[in-house]
Structures are given as structure tokens and as C-alpha cells.
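S.K.: Sequence:
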Amino acid sequence: MKFLNELMRLDDETRQNLTQPWNEFIKSCSFQGRDCHFEKYFLYSFDPNYGACYTFNSLLNEEDDYFPGNRQTGLSGLLSGLSMDLFLNQTEYMPSVIAQNAGARLVLHSPDVLPAPNQMGMDMRPNTRNNIAISTMMVDRLPSPYPSACFDDWSQTPFNATVASHQPAYSLTICERYCVIQKVEELCYCRDPRFSDSFSYNGTVFDGPWCDVTVGSDDDICINVVRILIANQTISCPCNLACHEVDFEASATSSTWPADSYLNQIAYLYLHEGENSTDVTISKAERQQIKDEFIKLDIYFKSLNMHTVGESAKYDVPNLIASLGGAMGLYLGIALVMAFEILELIILLFFNVSAFLCCRTFGKKNPVDPSKSRGRKASDVFLQKVLGPGGYSPRAPMPYPGAPSPPVYHSPPPGALTAKDMMF
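Just so we're aligned, residue 1 is where the sequence shown starts under full-length UniProt numbering, counting upward by one.
What the hints contain is simulated information worked out from the structure, not anything from laboratory work.
It is possible that some hints are incorrect.
Unchecked claim - Taking lysine-lysine pairs in the DSS-like style, the calculated list, with each CA pair at most 27 angstroms apart, reads:
(1) K27 to K40
(2) K291 to K27
(3) K183 to K2
(4) K27 to K284
(5) K314 to K27
Just need the whole structure built from these sequences, with the hints factored in.
M.R.: Listed below in C-alpha cells is the structure:
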């Protein structure tokens with residue numbers, strides 16, 4: 001780990017000079033049968049664990065590449081993919097515990113996403129030809145307030161990743177890596193040399209020293225504690241799933257390469273460059289070197305069909321408004337009918353009460369003065385005798401609307417007293 005500490009203290013240019021150049025690592029390149037062995041097609045980055053990393057068709061390579069991230073294929077199969085011959089040059093491997101195995105690390109990712117060789121990818125061993133058939137799956141998620149609460153870009157996080165004046169697409173893997181780096185910087189007051197990412201946190205770039213990751217050192221113990229706290233979710237990271245994500249599923253097969261009959265051709269192409277004759281005699285050491293140092297990669301689409309996995313809201317805003325409008329229309333219609341019914345009831349009640357009060361007013365009896373009632377009784381009896389029963393009513397009620405008229409007598413009824421009978 002002391003070697004790693006010293007390596008990360010070097011500037012970027014010095015570290016790049018110590019790593020394997022692209023034209024030595026990538027001996028040949030063809031895309032859809034056309035030559036792509038040009039340095040400008042590859043974006044260089046450095047990984048402390050794997051060394052030099054060269055990304056083909058990266059959207060972040062816009063300063064050098066004329067068509068960054070725009071190389072596409074409309075056909076599936078081996079002939080329409082990317083083919084490369086890689087030379088490892090193990091003799092230049094640094095004597096460190098980091099370089100424990102020989103081979104190449106392959107990472108498949110979208111053109112606008114940063115590679116993450118530590119979290120994803122597959123190892124390619126020498127003396128093999130590796131066929132990588134890939135299929136594409138697109139995942140679409142819904143942002144907050146839906147359960148996924150996905151992020152569209154880096155602006156929804158406190159991190160800001162900028163590569164060559166271009167901001168890469170948001171990735172959960174990269175965000176979690178930034179979180180680990182930032183928590184180590186915050187709690188251990190140093191930066192983990194196993195990560196070389198450049199980013200800012202809340203607009204601030206950490207410029208502290210590199211941590212001493214020697215086993216048993218204070219920095220190493222602090223880093224391990226921070227990792228355990230993050231793994232146990234005691235410390236949370238402000239990272240969510242990406243709203244739009246393209247995932248590449250790879251099916252890898254391999255075979256021995258090159259065959260014994262093809263060793264001379266490899267030696268002519270890469271070990272004896274410049275010689276005119278293809279009939280090259282190679283030594284036993286060169287044969288072994290070819291088997292130990294070379295890898296062939298064939299990467300192509302197994303099918304152009306894209307598997308899409310998406311989330312959809314059961315009720316989005318337009319549907320919610322439409323449902324509320326329909327419900328409100330129904331309830332408003334019922335409410336209006338009820339309002340008119342109540343209004344009609346009030347009107348009918350008003351007229352009925354008014355008519356009842358009017359009838360009581362017309363049918364009310366005239367009050368009788370008690371002081372005069374005794375003086376009238378004798379005359380009332382006399383008149384009744386004269387007019388007969390029913391001929392006179394001393395306190396007949398006033399007629400009310402619709403009542404029959406009282407009887408009119410033009411002559412004394414039968415049995416009534418006459419003037420002759422009243423003589424005494």
C-alpha cells in the first residue's frame with residue numbers, strides 16, 4: 001500500500017506516463033469492419049486498482065473525438081461489432097500487491113456514463129478469444145413522490161461530477177462511490193488513494209492529503225470504520241436509483257487464442273513489425289510471450305431487440321383531474337337537484353303557512369262584552385220565540401270565504417208566534 005500512496009501523490013501527467021500507452025495496449029481495432037485504431041477514439045482515465053483505462057465511443061471524449069458517443073450499429077452479429085487485439089506487456093507490470101493477476105478488465109456501459117471497473121465488469125485472461133454477446137435493457141422509473149424517488153441528474157445530489165467540461169449522466173454506482181470518498185474525507189480528514197475520481201461536494205472540492213492505507217495505520221482503520229457504517233446504513237448516502245438507465249447484459253464465451261497455426265501471423269503483426277516476409281521464424285520464448293500477453297475481444301449485439309422495464313403511475317395528474325372532474329360533476333348535479341327540492345319545499349311551506357294564518361284571521365269570532373250579555377238574554381229569548389228555532393242566532397259567526405249564506409225568512413215559519421198570540 002505504500003506504493004499506492006506514493007503513486008497517488010504524483011500528478012496526472014506523470015501517472016499517465018507510467019501506465020501503458022494506448023497504442024501498445026490496443027494493437028488493433030475494428031468497428032463494423034472498419035479500422036478504428038486511432039487514439040482520438042479512446043478516452044483515457046486512470047484507476048488506482050487497474051491502471052490505464054481506455055473508453056471507446058465515450059460521449060465525454062468530445063474534445064478529441066469528432067463523433068463522441070455517436071457510433072452506432074444497425075445490425076447484430078460478430079461482423080457488425082467491435083473487435084480488438086490487446087497486448088498486456090506483463091514485463092512492465094509494477095511490482096505491487098495490486099497487480100496480482102494478469103489480464104484485462106472489460107466494462108460495458110452507456111456512452112454518457114463514467115466507467116466503474118471496481119463495481120462492474122468482467123476479467124479477460126490472456127491466450128483467449130472472448131466473444132461478448134450483449135443485449136440491452138432499458139429501465140424507466142418514476143421520480144418523487146412515487147416510491148422509486150429516482151434522480152434525473154446530478155443536480156438532485158450534493159455531488160457535481162465534471163469530466164472534460166462535460167457532466168456525465170447520473171449513475172447510482174458512481175454516486176455511491178462519491179459518497180464513500182466524501183465520508184472518508186469528512187470523518188478521516190484525508191482522501192482514499194484507491195479512488196481517483198474528481199468531483200465537488202456542495203460546490204467544494206476537497207484538497208486535503210491522501211490517506212495512509214498501510215494496513216493497521218490510523219487512516220486505514222478510519223476508512224474501514226466508515227465503510228462498515230455505510231454498509232450498515234448507519235451513515236446514509238444521498239443517492240437514489242436513476243430515472244433512466246440502460247443496462248447491458250453480456251453473455252461471454254471464450255476459446256484458446258491464438259491457435260498454434262496462427263502464432264506466426266501474430267508474431268509477424270505485433271512482434272516483428274516492419275519485416276517484409278510473413279514467413280517469420282519465432283522462438284520458443286516468443287511463442288510463450290504470445291500466449292501470455294495477447295487477448296482478443298469480439299463485442300457485438302446478440303439482438304437489436306431492447307427489453308424495456310418501466311414504471312407507470314396508476315393515477316397520474318391528468319387522470320386524477322379527470323376523475324375528480326367526473327366525481328365533482330356527479331355530486332354537483334345531485335347537490336343542485338337537492339337545492340331545488342329544498343327551495344321548492346320552503347316556497348310551498350311559506351304559502352301553506354300564509355294561507356293557514358289568513359284563514360284563522362277571517363274565521364275569528366267577535367268578542368262579547370260581558371257587561372251587556374245579561375241585558376240581551378230576554379230579548380234573545382223573545383226573538384227566538386218570534387222567529388222560531390233556527391230563525392235567529394244571537395252570536396252567529398261571521399261568514400268565512402266559501403261558507404254557505406245564512407237562510408233568509410220572508411214570512412214566519414210554521415209554529416211561530418203571531419201578534420194575536422202575543423196579546424195578553
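S.K.: So which of those numbered hints doesn't the model satisfy?
M.R.: Going through the list in order, the structure violates hint 5 alone and respects the others.
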